[in-house]
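S.K.: Spelled out, the chains give:
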Amino acid sequence: MLSPIIIGQVIVNGLSLSAIYVLIALGFTLLFGIMRVVNFAHGAFAMLGGYALYYLYGKYALPYPLAVPLAALIVAVLSLVLETLVFRWFYQKMFQSMIGLLGLNMALMFSSVIIWDVYERSIPPAFNGVLRLGGLILAADRLMVIGIAIIALLAFWLFMTKTRYGVAMRATADDVEIAEAQGIDTRTIYRLAFLVAIFMTALAGGLYAQIYALSPFMGERPLIVAFVVVILGGMGSIPGAALGGVILGFTESILSTFYGAAVSSFVSFGVVIALLIFRPWGLLGKPE
Amino acid sequence: MMRTSLKAATIAAALLAGTATTYAQEELKIGAIGSLSGGGTAWGLALQRGVTLAIDEAVKAGGLKIGGKSYMPKLVMYDDQYTATGGKTAADRLVNLDKVKYIIGPIGSPPVLASVAVSSPAKVIQLSNGFAPAILKNDAKSPYNFRVMNSNTEFGPAMIKWLHTNYPAVKKVALIAPNDAVGQAVIPTLVEAYKANGIEVWTEMYDRGMKEFTPLLTRMMAQNVDLFDLNSNAPGEAGLLLKQARQAGYQKMIWQVGGPSVDEIINVAGPLADGFLSYETFDFSSPQAQAFDKAYHAKWDGIINAQAPGWYNAAKILFKALETAGSTDVTPVRDALMKVEGYDSGMYGPVIWGGQADYGVAHQLLLPFWIVEVKNGKSVIRDKLTPEKR
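So the protein sequences, as listed, match chains A and B.
The numbering of the first sequence is my numbering, which starts it at 37 and goes up by one.
The numbering of the second sequence is my numbering, which starts it at 74 and goes up by one.
In isolation and in its complexed conformation, chain A is listed as follows:
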């Protein structure tokens, strides 16, 4: 088992998985970090991102580089209605948000069943090939996800650190009252943060649906992944989400390859439980 090719493949698989997991977790952790909302409807927004990409790229054949961000943007903009109707009532109310948004998740999921049926669909792949580097093999669509994850993380970091709105978001996340005292319109900042978070979630959902499969129920797995990644990295921490995604991706790759799926699941969730006991704020989070 321990040949250089296998070890190389484990690293490649780990990178590919990490990229997907980081993308999935970003929107989830942003909503919590700024508004203290545990978005149990995260998977439903990912699913809506999948359907948006299905129509724009799969049905209407828009160019892929345009279809991917446009699909996410459409879902994010339309979701502002839900921000007004549902989300804003749960800002800074962590426990209430869990139950309320679980209900929203079910409403979105079963509305999708009515609209799109329960059939699993597939979004045509943008790239079908397999790249071979020496003995290593990497599917082209996974390479694309790694690229998009790097771009998304970089753009996200630049937005949060180099723009006025990003700085205002961080200030609001640190202390709402002081941010308002400094003249920040926190209502606008919340809406903007919501828009960005849902954009990231829908973007991840589109790619997830394309790599795996699209159905109204596809959101269950992304929600679990986002939870595990964010708990590992620290609720609300963007670098934490990146670190959590990489840890989960590589853990799964290494353990599944060398010890099988059961050991991988057992250890992954075991680590999360241990972390919740000994460091409940996660690796890069802040204690409440």
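Bear in mind the hints are in silico, worked out from the structure with no lab data behind them.
The C-beta atom is built at its ideal place from N, Cα and C for all residues, glycine as well.
Do not take every clue at face value.
Short derived list, chain B residues pointing at chain A, Cβ under 7 Å [to be verified]:
1) 114
2) 284
3) 287
4) 289
5) 291
6) 292
7) 309
8) 322
9) 323
10) 340
Using the hints provided, position chain B relative to the given structure of chain A.
M.R.: Chain B only, in chain A's frame:
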């Protein structure tokens, strides 16, 4: 004027009489359980649609003629989410709330075993499809429980023997299966059949619902296997396993002694599905398939899952038994089911019950089956096999 009034009165009387006849017909609830969400959705829809087509035919013919009365069958179906809990809940609702006497479905060992545990004590006839031998082989000896499609006990040994004859170079096979009642029931049977043909087996289990198999497939490829058998995986997972195996660089043979879910696999894996071999329950190129295809597409779009004709066939056999029994009572219908051997619904040929040697009860419907290969995105028949009556 008088003649016009008389004519109108006659028409009105005829209409009233017609209405009265309609009211005289009784409704006959046909319970059904299937996966309408999750990885087994394609199978659940196949069940729902197959049974619906059989019911449509019966309704169009004026209902089922049972003991001098006409009964209109009505489908009452619940989603089991392809889980044991879902299967039990659905059976509880059908038996206790809807008071059905016959249940068609579900598909898959976990929901079947859970629902049979409800239907058998309640003396409700159940026509299901799951691979676990315990579905038929149990302490109660399955008094009201029938399996209406081949399980891997019927088609597995025949397929593996065919493989050994046609691909003698295959010496080692990989089985990656869900770690639930389906996988645990199917794997030992398949391992035994492969070993009986001198083929070594490597197995791995995963949690159902998993979507990312690349690390497991890397593990599999390190075992240097000649063949990857998708065995009992549901259509969604089977498609992903095939797609990810090809993307991970696995170039050897992939087939499925199970399913079947060829169209769904083509849908998920696209051109990567070419060369894939599978068990298939129906020959869509046959003449009898054309009529079914026409009736199906008059109601629904898209691909027809190969289980749909099987469920249509099961419903037709149940209807035949009801008419033969001349009663809607469970025991006469159960006895009539055993006597419909030779009846042909037009899909698979005459009814043959088997399974006495394997399960201690001859409640296993034996159906012919096919081996198909995906060529240029299309499923092409390679061979037709028949299970042995034991």
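S.K.: Holds or violated: the hint that residue 292 of chain B contacts chain A, with Cβ atoms closer than 7 Å.
M.R.: holds (5 Å)
S.K.: Grab the minimum C-beta distance from residue 287 of chain B to chain A and call the hint holds if it beats 7 Å, violated otherwise.
M.R.: At 5 Å from the nearest chain A Cβ, residue 287 of chain B passes the 7 Å test, so the hint holds.
S.K.: Once the shortest beta carbon distance from residue 309 of chain B to chain A is found, is it less than 7 Å?
M.R.: holds (5 Å)
S.K.: Does residue 322 of chain B pass the interface check with chain A, least Cβ-Cβ distance below 7 Å?
M.R.: holds (4 Å)
S.K.: Can the hint on residue 114 of chain B be confirmed by a CB-to-CB distance to chain A that is less than 7 Å?
M.R.: holds (5 Å)
S.K.: Identify whether the interface hint at residue 284 of chain B stands, where standing means a beta carbon of chain A within less than 7 Å of its own.
M.R.: This interface hint holds because 4 Å falls under the 7 Å limit.
S.K.: Hint validation: residue 291 of chain B versus chain A, beta carbon distance must be below 7 Å. Holds or violated?
M.R.: Hint holds; residue 291 of chain B Cβ to chain A Cβ min 5 Å, cut 7 Å.
S.K.: Can the hint on residue 340 of chain B be confirmed by a CB-to-CB distance to chain A that is less than 7 Å?
M.R.: holds (6 Å)
S.K.: Take the shortest C-beta to C-beta distance between residue 289 of chain B and chain A; is it under 7 Å?
M.R.: This interface hint holds because 5 Å falls under the 7 Å limit.
S.K.: Should the interface hint for residue 323 of chain B be scored as holding, given a Cβ-Cβ cut-off of 7 Å against chain A?
M.R.: violated (9 Å)
The structure shown violates just one earlier hint, number 9.
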